[in-house]
Amino acid sequence: MSEKSYRDAIRDAMIEEMDRDANVLIMGEDIGVYEGTFRITAGMLKKYGPKRVIDTPIAEAGMAGTAVGMAMLGLRPIVEMMTMNFAIVAADQILNHAAKIRYFSGGQVDVPVVIRGPQGAGVQLSAQHSQTFESFYGHFPGLKVVAPATPADAKGMLKTAIRGRDPVIFLESAALYGMKGEVPDDADFTVPFGESRVVREGGDVTVVSYSRMMQLSLSAAQRLSKDENIECEVVDLRTLRPLDLEPAYTSVTKTHRCVVVQEQWKPFGAAAEIAASITENVFDELDAPVERVTGEDVPMPYARNLELLATPHEEQVMNAVKRVMYRE
Amino acid sequence: MSEKSYRDAIRDAMIEEMDRDANVLIMGEDIGVYEGTFRITAGMLKKYGPKRVIDTPIAEAGMAGTAVGMAMLGLRPIVEMMTMNFAIVAADQILNHAAKIRYFSGGQVDVPVVIRGPQGAGVQLSAQHSQTFESFYGHFPGLKVVAPATPADAKGMLKTAIRGRDPVIFLESAALYGMKGEVPDDADFTVPFGESRVVREGGDVTVVSYSRMMQLSLSAAQRLSKDENIECEVVDLRTLRPLDLEPAYTSVTKTHRCVVVQEQWKPFGAAAEIAASITENVFDELDAPVERVTGEDVPMPYARNLELLATPHEEQVMNAVKRVMYRE
Amino acid sequence: MAKQETESAAAVIDAVCAPDWTEILRQMILVRRFEEATEREFRRGKIGGYLHVYIGQEAVASGIISALRKGDILFTGYRDHAHALMLGSDPGRVMAELFGKSTGISKGKGGSMHLFDVEHGFYGGYGIVGGHLTLATGAAYALRYQGTDRITVCYFGDGAMNIGPFHEAMNMAGLWGHEGMAPIIFIIENNGYAMGTSVERHSALTDLAARVRAYDIPSEKVDGQDVFAVRGVAERVIRQVRENGTPYCIEAVTYRFSGHGAADILQPYRSKEEVEQHKHRDPIVILRNRLSELCGLKDDDVKRMEDAAAEEVARALKFAEESPQPEADELYRDVVAE
Amino acid sequence: MAKQETESAAAVIDAVCAPDWTEILRQMILVRRFEEATEREFRRGKIGGYLHVYIGQEAVASGIISALRKGDILFTGYRDHAHALMLGSDPGRVMAELFGKSTGISKGKGGSMHLFDVEHGFYGGYGIVGGHLTLATGAAYALRYQGTDRITVCYFGDGAMNIGPFHEAMNMAGLWGHEGMAPIIFIIENNGYAMGTSVERHSALTDLAARVRAYDIPSEKVDGQDVFAVRGVAERVIRQVRENGTPYCIEAVTYRFSGHGAADILQPYRSKEEVEQHKHRDPIVILRNRLSELCGLKDDDVKRMEDAAAEEVARALKFAEESPQPEADELYRDVVAE
Ligand SMILES: Cc1ncc(C[n+]2csc(CCOP(=O)(O)OP(=O)(O)O)c2C)c(N)n1
Ligand SMILES: Cc1ncc(C[n+]2csc(CCOP(=O)(O)OP(=O)(O)O)c2C)c(N)n1
Ligand SMILES: [Mg+2]
Ligand SMILES: [Mg+2]
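Chains as they are written, first to last, in my numbering: chain A, 20 to 347; chain B, 20 to 347; chain C, 34 to 371; chain D, 34 to 371.
If you are wondering where the hints come from, they were derived from the structure by calculation, not from laboratory data.
As the structure is a prediction and not an experimental result, all values here were calculated from the model.
Heads up, a few of these hints could be off.
[Stated by the list, open to error] Dumping the calculated DSS-like pairs for lysine-lysine here, alpha-carbon to alpha-carbon at most 30 Å: (1) Lys305/D with Lys65/A; (2) Lys305/C with Lys66/B; (3) Lys65/A with Lys199/A; (4) Lys285/B with Lys273/B; (5) Lys70/B with Lys305/C; (6) Lys273/B with Lys341/A; (7) Lys245/A with Lys341/A; (8) Lys66/B with Lys199/B.
[To be verified] Computed from the model, here is a short list of chain D residues facing chain A with C-beta under 7 Å: (9) Gly133; (10) Gly141; (11) Gly143; (12) Gly192; (13) Asn195; (14) Met228; (15) Gly229; (16) Thr230; (17) Gln358; (18) Pro359; (19) Leu364.
Using N, Cα and C, we set each Cβ at its ideal position, and we do this for glycine too.
Model the full assembly from the supplied sequences, consistent with the hints where possible.
Below, the structure is given as structure tokens:
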């Protein structure tokens with residue numbers, strides 16, 4: 020084990036996989052000469068050369084689409100989106116091509132492409148630059164969609180993504196890049212997709228989330244434990260598609276109460292699927308409706324005070340937990 | 020009242036609004052000389068001339084984006100997407116521009132653009148051409164998203180869309196184009212957004228849906244009434260954003276059981292939001308978990324038999340209704 | 034350009050009586066009969082979805098594909114039957130695909146717009162106009178990255194040139210070409226129309242070959258009705274692209290004799306006369322006449338080819354008809370790996 | 034082109050001592066001081082988000098904007114402070130926007146990347162590279178549709194030329210121009226880099242003005258450091274675009290003296306020497322020298338302008354600092370109408 024930042028975990032995963040497999044390459048805007056907006060790819064151009072570390076023009080559809088074509092021919096391209104917001108420009112290439120080619124070709128090709136990049140709010144980037152995309156991508160069969168919350172998961176899941184045979188949308192939390200955590204040193208350490216896990220045990224309320232909101236939920240859980248004597252069980256979904264809610268069902272069977280936390284807008288957001296599925300599956304166990312804690316339903320404003328109001332906070336999670344306990 | 024097809028209702032709405040307001044114009048691929056793939060705009064080029072009926076190149080982002088610019092300057096463009104599947108190419112212009120400009124400009128501009136077109140499965144168009152987009156657009160604040168199920172609603176809601184001040188995603192069901200219904204003749208007949216309504220009364224189970232699935236639900240309700248003596252109350256949402264679930268809440272308070280029906284893939288689909296919201300709001304009234312009836316979670320296959328298996332059918336709605344009544 | 038064309042045409046005529054010209058004629062006739070059959074079967078309800086046939090444009094596919102090597106790969110749009118057949122796909126399996134049968138070339142899951150036959154180098158078959166250009170560009174990069182001298186051929190229509198992904202792909206191909214990493218030939222099937230919108234109405238600059246110069250990609254126009262001309266250009270260009278890993282664009286000026294798709298009955302955007310006039314330049318007739326004039330091809334030879342094509346199409350139809358539908362559990366296969 | 038430029042430059046020099054040149058110098062100095070202040074305030078944490086300043090490129094905005102009429106409108110990307118100020122936006126309100134205050138030009142909701150001032154013809158301020166080109170093209174159509182002779186000016190960077198919406202907008206502008214429905218001037222702010230990617234590394238064809246010929250849009254290059262040259266081209270082109278409703282593209286060759294954004298500290302993509310060399314062609318110095326040489330502009334006059342600019346910026350900062358944050362309920366306003 021070594022202590023690593025979430026950023027370095029991602030970086031290490033790419034480097035190790037590039038060392039391991041000559042078919043792995045990375046492409047994106049300003050990842051080479053500029054060394055990456057978040058410096059995740061710093062030094063990689065020098066190490067691997069311009070054929071494997073490709074600076075692209077500003078052309079997200081071009082990046083995603085060419086990567087799909089490379090993947091169909093046996094390469095394992097990683098596309099770094101400068102931020103995932105820009106990937107909307109490539110939506111057709113991802114949703115209508117990457118996700119569907121295996122199917123409409125009758126299974127004749129693999130499409131092992133990883134589309135990764137930071138997302139999320141928090142540094143006043145305003146409406147066009149502050150979004151998260153779990154439900155946006157999670158809706159489409161043919162994709163795998165992951166959103167790790169820890170350095171170890173970031174590394175292990177990115178390796179799984181690179182080694183896989185399907186298109187993976189790898190959603191990184193920009194706000195977590197600096198966060199540190201223990202990461203296994205084993206070069207073959209991978210984390211499978213579709214396995215959620217309990218990251219904190221507790222008997223009172225189940226809190227389900229992923230990515231940065233999982234960290235926020237953990238903090239809220241700690242405060243609730245300390246201040247209110249409420250013990251939350253926190254479930255980290257890690258993967259959005261395929262979605263593994265078994266640990267959540269098991270937990271709710273124990274706690275009978277559930278809160279789902281998501282950064283983005285409530286309507287048609289990821290928490291809706293999670294809440295609806297939990298309710299469908301363990302309805303009789305629920306002593307209260309599943310609560311959703313989400314961002315406000317507005318485009319992200321620039322002003323600091325408004326941005327703070329627009330994004331979920333610990334207090335909201337704490338209040339939701341108390342509400343499902345009828346302890347408001 | 021006159022009997023009109025859903026297609027003609029849409030056509031009439033456009034013609035009446037173009038006659039009423041010189042700022043209304045329509046643009047799209049092959050809507051003029053070719054007279055429209057679904058012939059909705061047939062004859063309009065001749066009637067209004069090429070400045071108001073604009074044949075565009077194959078450039079969905081260009082169409083949507085230029086329409087947004089026109090709207091910002093006071094025109095009221097209607098963009099016909101040949102099918103809504105192609106609008107994915109314009110996702111950035113719609114989601115990151117149309118939806119957000121009012122907000123990030125601090126309210127300095129209106130963006131009265133209507134983006135309309137057919138969607139849905141049913142005629143073996145396979146994976147890239149058979150999708151529906153309610154949750155895709157419904158997630159984004161700044162948009163209005165509607166999906167009418169009847170000719171009258173199609174006409175009245177399209178007029179509301181054209182006369183409004185915000186971007187509207189107007190989702191038409193290709194499969195309903197030929198369906199006939201009574202439509203008010205009044206040139207000022209409009210149907211407001213954000214008002215769901217009960218289209219069939221019944222005391223046993225509430226069935227919530229919209230667009231073609233509402234028609235499917237109605238048929239299922241009729242069969243259930245006839246064959247099983249079960250009376251469904253059917254709620255037609257009509258608008259997905261803003262989403263009005265009051266009639267559903269009221270209904271569930273009476274029936275204590277609810278089924279939500281949606282054509283598209285289940286994960287992160289529209290039914291998740293609807294089911295989650297209903298559960299949140301009238302949890303104590305529910306005698307069973309809200310059931311979702313949805314399409315299968317696969318890209319749409321071409322083969323007729325597989326396509327039939329992939330899309331929701333009356334029997335599935337009927338079975339879901341029986342399940343929430345514990346009458347399987 | 035004009036000079037180059039003359040020279041290569043001359044070179045081609047030297048080789049005009051080589052046996053593969055007969056093979057090309059055979060293929061073009063087969064494709065024509067196959068397409069006619071699909072139009073009939075569509076009307077009979079045996080084929081669903083959209084159906085876009087290649088009638089009138091055959092030389093654009095055959096002139097290039099016949100010059101490719103095994104290992105070269107091809108991408109195109111939804112008007113894709115000819116490309117599959119000419120690459121060597123089995124007509125029965127192609128027809129079965131159109132019938133939505135389990136024996137179809139894409140297991141009945143893709144249909145007319147999504148033919149795929151990776152074994153023969155055919156990488157699809159795409160329904161979103163212009164969407165596949167980026168894929169093809171990436172595929173070309175991959176071929177070079179892997180150290181091969183295989184090349185990619187990417188077909189698309191005149192109308193596809195106006196959509197964003199076309200632009201992004203072209204610029205990236207131009208850039209990668211500077212590094213010798215873009216062994217790709219872009220082929221504009223300029224049939225004069227994007228559905229019902231003529232080139233003048235959809236392209237600000239109607240010289241389509243000239244448009245791609247904006248990407249530092251060399252280009253030329255060729256008469257797409259004359260398979261000799263297409264093949265001549267193809268041989269020269271393929272050699273160059275294979276050698277240098279640089280992209281090239283060929284604008285093949287052609288015409289579609291049928292409607293845009295099976296639903297395009299009225300065709301209000303063009304006159305019957307216009308269509309008839311173009312039919313005088315039928316690529317099959319042009320090739321046949323040339324072979325008769327220069328190589329003594331007999332009417333009987335042609336008759337034999339026609340009969341063989343009819344038979345092959347009949348066999349394909351029978352195979353398609355008699356093949357079973359996909360099993361229900363195929364629905365869930367091929368969504369993701371495993 | 035060279036000839037035209039000389040001619041118009043001559044015409045400009047005739048008018049060189051007209052009072053508005055002094056006004057242009059005043060504006061450019063103000064913008065420079067304003068931008069320097071934003072860089073400082075960003076480091077002090079008063080400004081959040083991304084901050085992209087216009088230092089070094091001032092002549093590209095002022096040379097064109099000063100030639101516009103009231104009623105003309107402008108779209109640009111995120112590097113937008115100069116455009117707002119030169120169109121007449123109040124520096125205090127612009128600074129307040131950057132500070133995220135309720136008195137900001139976009140109520141504090143847009144920030145640096147989304148300045149808007151419709152009253153002064155400024156239609157934003159967009160953060161997605163190239164996304165606003167389609168909007169500007171549609172806006173130009175609207176102006177003509179409404180029967181006015183107003184025109185649209187659309188600025189974008191060299192890097193924006195590689196994204197799909199650029200292409201779609203350009204082709205549509207070209208087409209609409211054929212009908213006189215595209216009174217729009219596209220202005221490429223070619224500052225040599227898209228972030229850290231130089232033009233040669235992002236554009237297959239590096240002659241950017243030539244690229245837009247693919248859309249049948251006439252274009253020319255101009256020295257973007259020389260406001261006389263820019264203004265000369267602008268006057269001629271504006272007249273023509275206004276009269277004919279046809280699009281035009283100006284490639285202004287310029288250079289950004291600061292980093293791409295406030296976070297671009299290391300600038301590994303260019304050398305200090307390169308930057309220093311370009312600083313010798315500071316557009317403000319070029320204009321000032323010319324005015325001193327030809328019109329007797331005194332150092333004292335410049336000093337007065339500098340002082341006035343410093344004062345105006347100080348006033349703007351004070352206004353921004355003292356303005357209140359937006360009220361909490363602003364969060365929910367302006368999402369949709371009402
Ligand atoms: C992005 C997108 N927009 C619209 C369509 C509908 N469509 C299918 S084919 C076609 C015309 C294409 O014309 P062209 O590229 O010239 O090819 P051709 O059909 O003439 O071979 C259109 C508009 C589509 N499939 N994808
Ligand atoms: C679609 C998209 N991709 C990437 C970015 C990130 N980004 C912001 S500015 C920029 C460089 C733009 O360069 P250029 O167009 O030359 O303008 P300049 O900054 O030089 O003025 C990039 C890559 C973005 N905002 N939008
Ligand atoms: Mg065509
Ligand atoms: Mg630049």
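Against the structure, the hints come out as follows:
no.: 1; hint: Lys305/D with Lys65/A; in the structure: holds (21 Å)
no.: 2; hint: Lys305/C with Lys66/B; in the structure: holds (24 Å)
no.: 3; hint: Lys65/A with Lys199/A; in the structure: holds (26 Å)
no.: 4; hint: Lys285/B with Lys273/B; in the structure: holds (27 Å)
no.: 5; hint: Lys70/B with Lys305/C; in the structure: holds (28 Å)
no.: 6; hint: Lys273/B with Lys341/A; in the structure: holds (29 Å)
no.: 7; hint: Lys245/A with Lys341/A; in the structure: holds (14 Å)
no.: 8; hint: Lys66/B with Lys199/B; in the structure: holds (25 Å)
no.: 9; hint: Gly133; in the structure: holds (3 Å)
no.: 10; hint: Gly141; in the structure: holds (4 Å)
no.: 11; hint: Gly143; in the structure: holds (6 Å)
no.: 12; hint: Gly192; in the structure: holds (5 Å)
no.: 13; hint: Asn195; in the structure: holds (4 Å)
no.: 14; hint: Met228; in the structure: holds (5 Å)
no.: 15; hint: Gly229; in the structure: holds (3 Å)
no.: 16; hint: Thr230; in the structure: holds (6 Å)
no.: 17; hint: Gln358; in the structure: holds (5 Å)
no.: 18; hint: Pro359; in the structure: holds (5 Å)
no.: 19; hint: Leu364; in the structure: holds (5 Å)
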